[in-house]
Amino acid sequence: MTTQSITPNTLGDAALTEPKAVRWLLSGLALTFLILFLVVPLVAVFVQALEKGVDTYWAAIIEPDALAAIRLTLIAAGVSVPLNLVFGIAAAWAITKFKFRGKAFLITLIDLPFSVSPVISGFIYVLLFGLQGWLGPWLKAHDIQLIFAVPGIVLATIFVTFPFVARELIPLMQAQGTEEEEAALVLGASGWQIFFRVTLPNVIWGVLYGVILCNARAMGEFGAVSVVSGHIRGLTNTLPLHVEILYNEYNFAAAFAVATLLALLAILTLVAKALLEKKVRHAVKSATKPIGVE
Amino acid sequence: MRLNSLMTKTILALFAFNLVTGNLSLAKEYTLLNVSYDPTREFYKTYNQAFADYWKEKTGDMVKVNQSHGGAGKQARAVIDGLEADVVTLALAYDIDAIGEKTGYFGPDWQKHLPHNSAPYTSTIVFLVRKGNPKGIKDWDDIIKTGVAVITPNPKTSGGARWNFLAAWGYALKKNGGDEKAARNFVTALYKNVPILDSGARGSTTTFVKRGIGDVFLSWENEAFLAINELGPDQFEIVVPSVSILAEPPVTVVDQVAKKHGTFEVAKAYLDYLFSPVGQKLAAKHYYRPVAPEHADPADIARFPKVNLFTVGDVFGGWQKAQKTHFADGGTFDQIYVPSR
Numbered sequence: 001m002t003t004q005s006i007t008p009n010t011l012g013d014a015a016l017t018e019p020k021a022v023r024w025l026l027s028g029l030a031l032t033f034l035i036l037f038l039v040v041p042l043v044a045v046f047v048q049a050l051e052k053g054v055d056t057y058w059a060a061i062i063e064p065d066a067l068a069a070i071r072l073t074l075i076a077a078g079v080s081v082p083l084n085l086v087f088g089i090a091a092a093w094a095i096t097k098f099k100f101r102g103k104a105f106l107i108t109l110i111d112l113p114f115s116v117s118p119v120i121s122g123f124i125y126v127l128l129f130g131l132q133g134w135l136g137p138w139l140k141a142h143d144i145q146l147i148f149a150v151p152g153i154v155l156a157t158i159f160v161t162f163p164f165v166a167r168e169l170i171p172l173m174q175a176q177g178t179e180e181e182e183a184a185l186v187l188g189a190s191g192w193q194i195f196f197r198v199t200l201p202n203v204i205w206g207v208l209y210g211v212i213l214c215n216a217r218a219m220g221e222f223g224a225v226s227v228v229s230g231h232i233r234g235l236t237n238t239l240p241l242h243v244e245i246l247y248n249e250y251n252f253a254a255a256f257a258v259a260t261l262l263a264l265l266a267i268l269t270l271v272a273k274a275l276l277e278k279k280v281r282h283a284v285k286s287a288t289k290p291i292g293v294e
Numbered sequence: 001m002r003l004n005s006l007m008t009k010t011i012l013a014l015f016a017f018n019l020v021t022g023n024l025s026l027a028k029e030y031t032l033l034n035v036s037y038d039p040t041r042e043f044y045k046t047y048n049q050a051f052a053d054y055w056k057e058k059t060g061d062m063v064k065v066n067q068s069h070g071g072a073g074k075q076a077r078a079v080i081d082g083l084e085a086d087v088v089t090l091a092l093a094y095d096i097d098a099i100g101e102k103t104g105y106f107g108p109d110w111q112k113h114l115p116h117n118s119a120p121y122t123s124t125i126v127f128l129v130r131k132g133n134p135k136g137i138k139d140w141d142d143i144i145k146t147g148v149a150v151i152t153p154n155p156k157t158s159g160g161a162r163w164n165f166l167a168a169w170g171y172a173l174k175k176n177g178g179d180e181k182a183a184r185n186f187v188t189a190l191y192k193n194v195p196i197l198d199s200g201a202r203g204s205t206t207t208f209v210k211r212g213i214g215d216v217f218l219s220w221e222n223e224a225f226l227a228i229n230e231l232g233p234d235q236f237e238i239v240v241p242s243v244s245i246l247a248e249p250p251v252t253v254v255d256q257v258a259k260k261h262g263t264f265e266v267a268k269a270y271l272d273y274l275f276s277p278v279g280q281k282l283a284a285k286h287y288y289r290p291v292a293p294e295h296a297d298p299a300d301i302a303r304f305p306k307v308n309l310f311t312v313g314d315v316f317g318g319w320q321k322a323q324k325t326h327f328a329d330g331g332t333f334d335q336i337y338v339p340s341r
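Residue numbers (the numbering used here), protein chains in the order written: chain A, 1 to 294; chain B, 1 to 341.
FYI, nobody ran anything at the bench for these hints, they're computed from the structure. Keep in mind it's a predicted model, so treat the numbers as computed, not measured. Do not rely on the hints blindly, as some may be mistaken.
Each pair of labels, with its calculated beta carbon distance range [as the list claims (entries may be wrong)]:
| hint | chain 1 | residue 1 | chain 2 | residue 2 | range |
| --- | --- | --- | --- | --- | --- |
| 1 | A | V43 | B | N133 | 35 to 45 angstroms |
| 2 | A | T56 | B | A299 | 52 to 62 angstroms |
| 3 | B | K45 | A | A266 | 22 to 32 angstroms |
| 4 | A | H142 | B | T59 | 30 to 40 angstroms |
| 5 | B | V278 | A | A266 | 21 to 31 angstroms |
| 6 | B | G132 | A | E18 | 47 to 57 angstroms |
| 7 | A | T108 | B | T59 | 35 to 45 angstroms |
No farther apart than 20 angstroms at their CA atoms in a straight line, the calculated lysine to any residue pairs in the SDA-like style are these [as the list claims (entries may be wrong)]:
| hint | chain 1 | residue 1 | chain 2 | residue 2 |
| --- | --- | --- | --- | --- |
| 8 | A | K140 | B | H261 |
| 9 | B | K260 | A | A141 |
| 10 | B | K210 | B | H261 |
| 11 | B | K74 | A | K97 |
| 12 | A | K97 | A | V207 |
| 13 | A | K140 | B | Q235 |
Where a beta carbon is used, it is the ideal one built from N, C-alpha and C, also for glycine.
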C-alpha cells in the first residue's frame, strides 16, 4: 500500500487479493445472469413483435385503440411528471435547506408510495372517490367522474410517482449543504434569487435524473392504474393495460408490438440515466470538495 | 384581386363545411358502454358492428359501443363503484342483482324485461384437455384424482368459476343421491387439485393454453372452442362430461345511467337486437348456444355437443341462494379452499 489517497475508483489490480480465476468466475456469473434475465427477454419482446412481419407490427401500433392508449399514457405522464417535478423540488428544498418540526414525518410521507403496493394505492382512490366511497355521493351529485375515467388514472399515476424527484434531490442537496445559500443571503440575495441562481443550478442534473425516472414509472405503471381504469377500450386504457388486453385476446404479435414501445422507453430511460448519472456524481463530488481545491 | 379571390374561396369553403356539419348534426351520435365478462370479447366486437349498421339503417344515427371486459364479479364491483355502464352483459344473474341492490340503478325485476330471463344465449362448462388426453379424463370423477392439475378461475371474482363450482357440486349431488356432505367432499378434493386461481376466465385460459400449466381446464364451452381455434386443434381437445350446468349469462340496461346519458332507447334496442335473428346467428357463430337456434347457421349449431344439463334453479334454488351458501364471505368456498402451499 502506498500513501496515495485511495478511493474505490482508483483501486488497481494490485490491490485485489483474489486469484484471477475467482474474479473471472464471478464476473462471468454476473454477466450470464444479466444476459439471461435482461438481454434475452428484451430481445424476445422484439422478436415476438416482429414475428408476423413489419406490416403487422405497424398495424398494431396505428390501430385506433393503441393510439388512444398511447395518447392516454402521454396525458398521464404529461400531467404527473410536471406536478411531481414542482412538488419534488419544493419538498427537497424545504427538507434539506431548512430546519422545522415534523421533518422526519414529511420524509416518511414522501416515501409512502414506495412502500405501498400500487394495487392498494389504486384501491385507496376507489374507496375515496368511488360511488360507494366517502366522496362518491357528493361527486355524483355534482356529476364529476373521477374513477374509471382519465382523472382517476392521472391521480393514481401521480400517487405512485410521487417520491421520484424528491427522493433523487434530497441526498444531493444534503451533500451540498447550505453554505452557498448562506453566502448568497449574506450578499443580499432574495429567497427566489437564491433558489434560481444558487440552489437550482447546483442540482439541475439531479432534477433531470429524477424526472426521467418519474416519467418511466408514470408511463409503465400497471397495478394502480388497472384498479381505477375500468378498462374501457379506446378510453381508459393506458399502454401497459392495452398490452394485457391484446395478450388476453390471443393477439400475441400485437401485444408484443405495443410492448416494444414500452421497451424502447425503458432503453431510452437507461441511456439518459447513464449519461446523467455521471453529471450527478460530479455535482456531489464538487459539492463535497473543500472550497479552493480545484 | 388575388386577395379577393382568396377570400371568396375561403367563404365558399366555410359554406361547404357548414353544409357538411349541418348534415351531420341531423344524425345523432350515441356512445354506449357495455360492461361485460371475460370471454365475450370476440362476440361483442362483431355484434357491436352489426348493431351499429342496423341502427344506422333504421334511424340514421351513429352508435359507438365501448367495451370493458373482466371477471364478472370484478366488473359488477366496478359498476357499483361508479363505472358508468349503459348496459351490463355479465356471466350470471347474481352479479347484476348486486348492482341493482347496491346502486338502485334498476329494480329487482330486471330479469323480466327481456325474454328467456334476459339471457340471449346460454353456455355450459366443459373440460379442455391437452391433445391425446394424456391423463385419460372422461368425466368429473377423473379430475379429482391425485396428480391431475385442474385450472379454474377464482369464484370470488369470476362468473365462469362460479358456474364451474356449481357444475361440480351438482354432479356430485346427483351421483350421491343428493348427499350434501358427499358433494362437499367432492368439491374439496377438486379444489385441492387447483394450482392457480386467476381472477377471470380469460386469465385461466391463458394460464392453461399459453403457459402450459395444468392437465384439465374447466372452461366455458365458448372459451374452449375459441382456444382450440386460436391456438390450434393439434394441441387441445374438448371432453364433454356426463352432466353439466346450464349457464345463462343475462343482460340488462342500467336504467338510470342510460337515462342520464340520454341513451336509454338505444341501449334497449341494443339488447333487444341480441334476440333478433342477426344477434342469435352471431352468438352461435361465437360458440354461444342461441336461445332461438332456428335463426342460427345449422352448421354452427351442429358444433355443440349434446350435454345433460341442470339449472341453478333446479339444484340450488336460484342464484341468490347459491351465492349466499357457497360464495359469500365464510361460505362453502371459503371453508374448503386452502391455497396450495
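Could you check the hint for me, namely that B:G132 and A:E18 are 47 to 57 angstroms apart, CB to CB? Holds: the Cβ-Cβ distance is about 54 angstroms, inside 47 to 57 angstroms.
Given a hint of 22 to 32 angstroms, does the C-beta separation of B:K45 and A:A266 actually sit inside it? Hint holds: Cβ distance 31 angstroms, inside 22 to 32 angstroms.
Are the Cα atoms of A:K140 and B:H261 separated by 20 angstroms or less? 13 angstroms, holds
Does B:K210 pair with B:H261 here, judged by a C-alpha cut-off of 20 angstroms? Roughly 40 angstroms between the alpha carbons, so the hint for B:K210 and B:H261 is violated.
That 35 to 45 angstroms hint for A:T108 and B:T59 (C-beta), does it hold up? Roughly 59 angstroms apart at Cβ, these two residues miss the hinted range, so it is violated.
With 30 to 40 angstroms as the target window, see if A:H142 and B:T59 comply at their CB atoms. At roughly 33 angstroms between Cβ atoms, B:T59 and A:H142 fall inside 30 to 40 angstroms, so the hint holds.
Assuming the hint says 52 to 62 angstroms, is it satisfied by the Cβ distance from A:T56 to B:A299 or not? The hint (52 to 62 angstroms, Cβ to Cβ) is violated, given that A:T56 and B:A299 are roughly 30 angstroms apart.
Assess, step by step, whether the Cα of B:K74 is no farther than 20 angstroms from the Cα of A:K97, and give holds or violated. Violated, because 48 angstroms separates the two Cα atoms, which is more than 20 angstroms.
Hint check: A:K140 vs B:Q235, CA-CA at most 20 angstroms. Holds or violated? 50 angstroms, violated
For B:K260 and A:A141, compute the direct alpha-carbon distance and say whether it is at most 20 angstroms. Judged against 20 angstroms, a Cα distance of about 12 angstroms means the pair holds.
Given the range 21 to 31 angstroms, decide if the beta-carbon distance of B:V278 to A:A266 lies inside it. This hint is violated: roughly 46 angstroms between Cβ atoms.
Between A:V43 and B:N133, is the Cβ distance one that fits in 35 to 45 angstroms? With Cβ atoms ~36 angstroms apart, the hint holds.
In this structure, the earlier hints numbered 2, 5, 7, 10, 11, 13 are contradicted, and the remaining ones agree with it.
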